[in-house]
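With the hints as extra help, turn the sequences into a complete structure.
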Amino acid sequence: MSTHSSLKDAFSSYADHLNALNEKRERIVKASRDVTMNSKKVIFQVHRISKANREEVLEKAEKDLAAVRDQHISRLVKELQGTDFWKLRRAYSPGVQEYVEAATFFKFCQTGTLLNLDEINASLLSLSDPSLEPLQINLLDYLLGLADLTGELMRLAIGRISDGEVEYSERICQFVRDIYRELTLLVPLMDDGSDMKTKMDTMLQSVVKIENACFSVRVRGSEYIPLLGSSDPSSFLVGVSDAEL
Amino acid sequence: MKSALRNAYYFTLSRYSLNPNPSLLHIVPFISTFPSLPSVLSRNHPFRSPLCATLMTGGDSDSPQTSPSLEKQFEKFRVQLEDSGSLRERIRAVVLEIESATRLMQASLLLVHQSKPIPEVLQKANSQINVLKDLYNKLAEVVRECPGQYYRYHGDWRSETQMVVSLLAFMHWLETGNLLMHTEAEEKLGCIEQFGFCFRPGGLSCWCLFHVK
Chain W
15 MSTHSSLKDA FSSYADHLNA LNEKRERIVK ASRDVTMNSK KVIFQVHRIS
65 KANREEVLEK AEKDLAAVRD QHISRLVKEL QGTDFWKLRR AYSPGVQEYV
115 EAATFFKFCQ TGTLLNLDEI NASLLSLSDP SLEPLQINLL DYLLGLADLT
165 GELMRLAIGR ISDGEVEYSE RICQFVRDIY RELTLLVPLM DDGSDMKTKM
215 DTMLQSVVKI ENACFSVRVR GSEYIPLLGS SDPSSFLVGV SDAEL
Chain C
244 MKSALRNAYY FTLSRYSLNP NPSLLHIVPF ISTFPSLPSV LSRNHPFRSP
294 LCATLMTGGD SDSPQTSPSL EKQFEKFRVQ LEDSGSLRER IRAVVLEIES
344 ATRLMQASLL LVHQSKPIPE VLQKANSQIN VLKDLYNKLA EVVRECPGQY
394 YRYHGDWRSE TQMVVSLLAF MHWLETGNLL MHTEAEEKLG CIEQFGFCFR
444 PGGLSCWCLF HVK
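Chains as they are written, first to last, in our numbering: chain W, 15 to 259; chain C, 244 to 456.
It should be emphasised that the hints constitute simulated quantities derived from the structure, not laboratory data.
All values reported here derive from a predicted model rather than from experimental measurement.
Where is the CB? At the ideal position from N, CA and C, for every residue including glycine.
Certain hints may be false.
[Stated by the list, open to error] Computed footprint of chain W on chain C; a stretch qualifies when at least three of its residues, placed anywhere within it, have a C-beta under 8 Å from a C-beta of chain W:
(1) 317-323
(2) 385-394
(3) 420-430
[Said to hold, decoys possible] Below, computed lysine to aspartate or glutamate pairings styled on EDC-like, alpha-carbon distance capped at 16 Å:
(4) 319/C <-> 215/W
(5) 315/C <-> 37/W
(6) 315/C <-> 196/W
(7) 381/C <-> 340/C
(8) 359/C <-> 418/C
(9) 101/W <-> 399/C
(10) 319/C <-> 181/W
(11) 65/W <-> 181/W
Written as structure tokens, this is what we have:
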């Protein structure tokens, strides 16, 4: 058939296109994994914070966060242009969410405020050549990362109470409540919100744990020793001592 | 006292369903009705939505310390998400129409298996092609409103479009014995070039099923 060779050509061009797409996706997934790993390191670093070492911990965390941007997020910037941002979102979304979690966690410990989406995106502008489209975190990934942030804040609050920083934990409590409240209005509106709905469950548990811990330390004062209850992280009874159970 | 509070927490958590919805705010009255609560909990009223105002049974009317910039950001998000939600609804509406035109084509093409003459069968199916052309134009118009976000909504029309392409390919094969090429499919539907490769591989596998039959 005269069309036979054009058929072959067409199919081989399809194959080329698909192969190139898959290879790009692979590279993006690898970069995203590195972003995730290194963002988690930042989070662990910030958790070490206490009254004594605050400046030192935050300084190191800031450096590490910048390294995540310069070494790993920059790889994403290279690969993603134009429609790629949404087309390949699933490949890089987990990494970006973890980065949002780390950056917002750091900002809260530094200033007690929430890092805005605009602010976080401004910090990414320098990563790309002005002639290229910059990587801008989209609203959905930002909200998903924010949801994970509340879990880390819960751990921080419990840790701070153990160190006797009760007022700081109460500030964390207020902050987490605000985020939870704002997010309940947004979750029903999100594209494929099933991930987010699960995160909201966890978030509510975090809020309750923090509230419970703050309440208990107020009522029982210095006797109170919060248990993180790592064997049952979903238990709302975390923070209530064994005598009560 | 503590066990009562713990029971309240337990009760509210067990009522809590997977989907966050305004009835969650029922938690607040449980906390604010305990008279001997320490000040840290009764001082702040964390939930301020209009729904909550009717649920709260007491406590002070202190203003919460939510930062205005936080609220502003989330308000902006809400507007953005509502806009994208309504865009998605418009896309779904057009896609439903595409689906029904496709069903008509499919039904008439089934006659081929009952050994009806091919030109007759094709005539009915061909009449739907113009309908589809218009619908895809409509779809393209909607999608043009959100440049760069083609793939955000792509899932909403992907499988329907695969079906359309497979039917077109089948019809083309019935007429000419050849495989419908990508560019020819585009011409038939009058699509903008964006409706491209993304669906091609899927359409081919549908076509292969028809071919075997």
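We went through each hint and held it up to the structure:
{"no.": "1", "hint": "317-323", "result": "holds (count 4)"}
{"no.": "2", "hint": "385-394", "result": "holds (count 4)"}
{"no.": "3", "hint": "420-430", "result": "holds (count 4)"}
{"no.": "4", "hint": "319/C <-> 215/W", "result": "violated (24 Å)"}
{"no.": "5", "hint": "315/C <-> 37/W", "result": "violated (41 Å)"}
{"no.": "6", "hint": "315/C <-> 196/W", "result": "holds (10 Å)"}
{"no.": "7", "hint": "381/C <-> 340/C", "result": "holds (11 Å)"}
{"no.": "8", "hint": "359/C <-> 418/C", "result": "holds (14 Å)"}
{"no.": "9", "hint": "101/W <-> 399/C", "result": "holds (13 Å)"}
{"no.": "10", "hint": "319/C <-> 181/W", "result": "violated (31 Å)"}
{"no.": "11", "hint": "65/W <-> 181/W", "result": "holds (13 Å)"}
Hint check: violations occur at hints 4, 5 and 10; the rest are consistent with the structure.
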